[in-house]
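Colleague: So you can see what is in the structure, the chains are spelled out below.
Number of protein chains: 6
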Amino acid sequence: MADQKSALVISAHAADFVWRCGGAIALHQEKGYDVTIVCLSYGERGESAKLWKQDGASLEGVKAARRKEAEAAAKALDAHDIRFLDAGDYPLELDRDQKFALVDIIRAVQPDFMLSHSQYDPYNTDHSYATSVAMECRMIAQAWGHNPGEKVLGAPQLYLFEPHQTEQMGWKPDVFLDITSVWDKKRAAIECMQGQVHLWNYYTNLAENRANHFRRNSGGQSGGRNAEYAEGFQSIYPRTVDVL
Amino acid sequence: MADQKSALVISAHAADFVWRCGGAIALHQEKGYDVTIVCLSYGERGESAKLWKQDGASLEGVKAARRKEAEAAAKALDAHDIRFLDAGDYPLELDRDQKFALVDIIRAVQPDFMLSHSQYDPYNTDHSYATSVAMECRMIAQAWGHNPGEKVLGAPQLYLFEPHQTEQMGWKPDVFLDITSVWDKKRAAIECMQGQVHLWNYYTNLAENRANHFRRNSGGQSGGRNAEYAEGFQSIYPRTVDVL
Amino acid sequence: MADQKSALVISAHAADFVWRCGGAIALHQEKGYDVTIVCLSYGERGESAKLWKQDGASLEGVKAARRKEAEAAAKALDAHDIRFLDAGDYPLELDRDQKFALVDIIRAVQPDFMLSHSQYDPYNTDHSYATSVAMECRMIAQAWGHNPGEKVLGAPQLYLFEPHQTEQMGWKPDVFLDITSVWDKKRAAIECMQGQVHLWNYYTNLAENRANHFRRNSGGQSGGRNAEYAEGFQSIYPRTVDVL
Amino acid sequence: MADQKSALVISAHAADFVWRCGGAIALHQEKGYDVTIVCLSYGERGESAKLWKQDGASLEGVKAARRKEAEAAAKALDAHDIRFLDAGDYPLELDRDQKFALVDIIRAVQPDFMLSHSQYDPYNTDHSYATSVAMECRMIAQAWGHNPGEKVLGAPQLYLFEPHQTEQMGWKPDVFLDITSVWDKKRAAIECMQGQVHLWNYYTNLAENRANHFRRNSGGQSGGRNAEYAEGFQSIYPRTVDVL
Amino acid sequence: MADQKSALVISAHAADFVWRCGGAIALHQEKGYDVTIVCLSYGERGESAKLWKQDGASLEGVKAARRKEAEAAAKALDAHDIRFLDAGDYPLELDRDQKFALVDIIRAVQPDFMLSHSQYDPYNTDHSYATSVAMECRMIAQAWGHNPGEKVLGAPQLYLFEPHQTEQMGWKPDVFLDITSVWDKKRAAIECMQGQVHLWNYYTNLAENRANHFRRNSGGQSGGRNAEYAEGFQSIYPRTVDVL
Amino acid sequence: MADQKSALVISAHAADFVWRCGGAIALHQEKGYDVTIVCLSYGERGESAKLWKQDGASLEGVKAARRKEAEAAAKALDAHDIRFLDAGDYPLELDRDQKFALVDIIRAVQPDFMLSHSQYDPYNTDHSYATSVAMECRMIAQAWGHNPGEKVLGAPQLYLFEPHQTEQMGWKPDVFLDITSVWDKKRAAIECMQGQVHLWNYYTNLAENRANHFRRNSGGQSGGRNAEYAEGFQSIYPRTVDVL
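So the sequence lines, in the order shown, correspond to chains E, Z, P, F, G and U.
In terms of the working numbering, the first sequence is residues 20 to 263.
In terms of the working numbering, the second sequence is residues 20 to 263.
In terms of the working numbering, the third sequence is residues 20 to 263.
In terms of the working numbering, the fourth sequence is residues 20 to 263.
In terms of the working numbering, the fifth sequence is residues 20 to 263.
In terms of the working numbering, the sixth sequence is residues 20 to 263.
Since the hints were made in silico from the structure, they are not lab data.
Among the hints, a few may not be true.
[To be verified] Computed beta-carbon distance windows for the label pairs:
(1) F:Val216 <-> E:Glu49: 30 to 40 Å
(2) U:Val262 <-> Z:Ser151: 37 to 47 Å
(3) G:Arg115 <-> E:Asp123: 27 to 37 Å
(4) U:Glu49 <-> Z:Val216: 41 to 51 Å
(5) P:Asp261 <-> E:Glu112: 36 to 46 Å
(6) G:Ser200 <-> E:Glu169: 38 to 48 Å
[To be verified] Derived, one-sided and incomplete: chain E residues facing chain P with beta-carbon distance under 10 Å:
(7) Glu66
(8) Ala68
(9) Lys72
(10) Ala76
(11) Leu78
(12) Asp108
(13) Pro141
(14) Tyr142
(15) Asn143
(16) Thr144
(17) Asp145
Each residue gets a CB set at the ideal place from its N, CA and C atoms; glycine is no exception.
Make a model of the complete structure from these sequences and hints.
Modeller: Rendered as structure tokens:
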């Protein structure tokens, strides 16, 4: 059990994890990782335009619909553990208790790596807020004096998944992951997002183009591996290795 | 033979490779890599103060002494292939033919990764020049139209080894390498540098402190690995991976 | 009425809008825009030294004096809509209700563009706070689930007006506006600031020098337009155009 | 005739202008601009892998083939003025006379704006070199003492077109151009590049995704314009305007 | 008394001031400055692993132990004024009253310069939070309307002392201070930190290596001063001088 | 004689030193420094528009006129040592011999500090080139193997003086120098520049505004020194100090 690998995704809104790291989730599940997805909010106010345009829309109704979509998407990715903190969106704000609830999850999961948003997003301050919370809670989870007796956290990598307009967010990928083998699952998860059909093609294009970057960086015209779909990530912390 | 791993170090002056990546060289030799070291110059004019203070010092004499030291250091690191382009220092400048000679070496080595200096160095423009040459020659080595028929280069990583004042050079390590097992070899190579005794302790301190960073980033107080000596490197290109 | 152009200025303290974008306000009013100015605070504690040095100074008295000055300045700029959120200064802090009040204004104005402070200011954290609030409230104003039924906001540009020490604030102008035709109005507004006479000359010098930059960038010695006074702004978001 | 608008593209290799600003070229031709394309090299050594893999490939043969492709692509974009400086590639290097030849072209064209590569490219130093030459020659073209009597250059904008891996090149677009109306021409130009079929889909995906960014920045869900294909550019110099 | 020089250290946790600026404290005390040290928290939860591993550890017990250590360290540095705001750690958060208490101290001390943490720290958000509070309270202390009648603050420099992994924190020193004459005091203060013995050697190595940087920047091989121990600092504000 | 203080200005074109550091030159002369000014070119091609518009203008005539102006300006600043390398401008390029001539001057002067341009200038590549040459020659002057037997250079600071559009050049001042006492000399030197009358007022405005920044950073409203004219500089290297 000590060898069970795990990962933790911290998603500001219910759908973010699908577009931005659905491939990583499915791939690591396939490799035997337990991937836990935490949605800090449902994106109910700010990312549910289509639902709000329907007659009789209500906050609770929108939340329920978004939750259902997110659960279906997680299932499509073979992820069995998805949680909703319901902290509200636009703006997203966690109080101390909500942060400690997130710390509890981090400690329970003991992730080998974490995934969250870019550190800057002038279009969506919820995204950068989620990442600052991820860093803060990672730190708290490492404190021996926080709930003494619990197993403290080690030093997992925090990967920032791809934001919508990378250059405006100052996001720079330093690792590309080949998700060809699980692309069908990611596409199925994407298609669970009925309210954002206009993004299906966008993220398919993106995955194809990131595969081009994967090929270039794995050998270029002189033999790069033939990835067809890929995702990019930016690391916050240095790696520690035994070979370069 | 296709599986023989290799690496290429591009060092502006004859001693740079010792302080900055001696551990990486010895470690990868130990792991079966063939590491080739290219010294673009001997550092004969600018990094040989002690020799110039001796009576009767001459350019050729200084070069010879520096070469001897560098060869001894390479040997201490178990590196059997060290080359000297003798392109001159302070300033270092390669003409087209010298660049093409470097391209020839790159193609012959077909390195799995390359090592060179930081991209900026306001104290020593030879260092940043060496890196710009490394990038340019990496590009030329990838060109199908350069010496058609030769095996072109793939897409090896270019790691920047640690400069003397990291913050002034804008250098940020994203990978720490545990060199504990080969520390004795690196120290022996360092001690070949008789003209720079004042730096022996400096780089020993540094290796110890980088090991602290290694431990922090591999798990911190909750179980980081007990490295005693480490080196840091900055990657230029993204990695391509199958698992995060 | 759908074609009525409008703009929104978000000013941390009562006088900021005068020095930093008084020309832009007067010019756009002249061009038929409705410009709304929101002063988040009066700058009553931190930017009213002269008033506090007077006998019998009180918080309410200082606020009233600052409001009067700001209203006079707005009038000098032909701006008819100036509002005061009275959120306090040094430090400036808006709670959720005050942010939502700002969102109400944004939605009511439906600005073609917004103006606020630089994103960083080590001398005055109120300034950068105002900009972070501007971004956050812009995002909330775009949310279909915030006060459903209201007209949501589009995607107006956010221009950062010139801070007092541009280089220390990391502010870089990408657009210069010719304010020659309204300079007299800006100077009149500046002269409403009786408590800060020492800045009158400063901002006149600045407007003259920015006009030099305007001329250089509009054609230089080969025919740049003869602007005499200008203001600079930094854009947060990319533009969308039909011609370069 | 004084009113004839014009633009100048400076392309390191023969095909760069197609992928990176083919839409801008076709669109401005359509709007009555005279667009001049300067290919500093044919990309004969470094960007013609497919041609070099053919039996009997020679440098002159590859150049001729590349020139033919580039001319066909220019024609597909309705650009009637394409020039080849044949300065060599991998590495690209212009001597003083070649730079002055480029200055002659700049002065003859008197462009309203110029287009070139990103300022940094760790994969391809020819690209960043081309931009540094563009800046240097723009400066020379402004000098009254260079070929006295000739009409000197004003202060045209220099737009950097999109590089292949934007984040690695530190490229950040600040303007998106709607190229929907000329997409068919750009696609036709792309299809002239028979040696790089693997990039056709890549750049089609990209144009679709950049249109998403165009829509977001022109109004988002609240009415952004329905662009289907777009290109992004980064400006080097500030704009000078009469309205924000 | 008006000529009494003073300095203020703002330390997130009880031990930070020892490692990071113990030399500066002892040196300035020796030069006749009154140095006040403010510990915003004891670091009781997050930086006291060794204490928490002991049987019967309690929050109050850990705080008391940490306070005792910090007081002993201050004494070793000849600093007579150390204060504890007890604002809690992991996460550190000051409410408005606590910030105003810090402002009271700043005004009472009227420091010639202030010292605090780096502006960014992805490992420890308490550190960067402390610096943002330092800047905010410096600003409040300058406000004539804050506790009118009190002496307002001038414009003291804010120096950022060295964080644990400088490159990851984006910290760049622009001044090196020779602490050779007080090294014994700093080492004695370091040895008060019984819970962090693993850091003693680390910070001794660091002080030795920073002395190398001191020597290089004070004259290099051509006569740099023979400092044996040094500390580095990054300035936030420009200096004002009468000679370069 | 060993105590004679000295400084070295490296100016790309003949007039640059006047606008950008005329105050520093005059002030340090007044303080007993020997200030040497090196003009790498006359700015004959690119910065002499007015002269070229005159009938019968010739390269030699323009150079002579520019030299005369520069010499007069130096005299107005009480600088007795001005040299002209005549390396040509637009573009400025120094070959190895010209660089070594500059090294000779650096060694002869043994400056306590050096002054040159910003490191980046998209309008004028001669400026950034001059700074890269200054750095390279500073390095060569430190080499014991360059002209062995000569006194090698120590580690003088390199200050970057203020460029024309600071924000576009990425220039950030970290030191402001009070030049009030020598302002009349700087203004007199400025008035020697008969060809650039349009800049007289610009640089007077600038000096006044930089004095405002001086006052702010030396104490602000609570007692900053009453400088009336100032210049700003950016340091390349860290300082080494005995007191913060």
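Colleague: Using Cβ atoms only, decide whether threonine 144 (chain E) comes closer than 10 Å to chain P, and label the hint accordingly.
Modeller: With a minimum Cβ separation of about 5 Å from chain P (threshold 10 Å), the hint on threonine 144 (chain E) holds.
Colleague: Checking hints one by one. Is leucine 78 (chain E) an interface residue toward chain P, by the C-beta closer than 10 Å rule?
Modeller: holds (7 Å)
Colleague: Look at the Cβ atoms of valine 262 (chain U) and serine 151 (chain Z) and judge whether their distance stays inside 37 to 47 Å.
Modeller: holds (40 Å)
Colleague: Checking hints one by one. Is aspartate 145 (chain E) an interface residue toward chain P, by the C-beta closer than 10 Å rule?
Modeller: Given a least distance of 7 Å, the restraint on aspartate 145 (chain E) holds.
Colleague: 38 to 48 Å was suggested as the range; check whether the CB atoms of serine 200 (chain G) and glutamate 169 (chain E) agree with it.
Modeller: Hint holds: Cβ distance 46 Å, inside 38 to 48 Å.
Colleague: Honestly, do arginine 115 (chain G) and aspartate 123 (chain E) meet the 27 to 37 Å range at C-beta?
Modeller: holds (29 Å)
Colleague: For the hint on tyrosine 142 (chain E), does the least C-beta distance to chain P fall short of 10 Å?
Modeller: holds (7 Å)
Colleague: Can you verify the interface hint for glutamate 66 (chain E): is its Cβ closer than 10 Å to any Cβ in chain P?
Modeller: Constraint on glutamate 66 (chain E) satisfied, holds at 8 Å.
Colleague: Is it true that the C-beta distance of aspartate 261 (chain P) to glutamate 112 (chain E) lies inside 36 to 46 Å, as the hint says?
Modeller: holds (40 Å)
Colleague: With a cut-off of 10 Å on the beta carbons, see whether lysine 72 (chain E) makes it to chain P.
Modeller: Holds, about 7 Å.
Colleague: Cβ-Cβ distance between glutamate 49 (chain U) and valine 216 (chain Z): within 41 to 51 Å?
Modeller: Given a distance of about 45 Å, which is inside 41 to 51 Å, the answer is holds.
Colleague: Do the numbers back the hint for aspartate 108 (chain E), that is, is its least Cβ distance to chain P under 10 Å?
Modeller: holds (8 Å)
Checked against the numbered hints above, the structure violates none of them.
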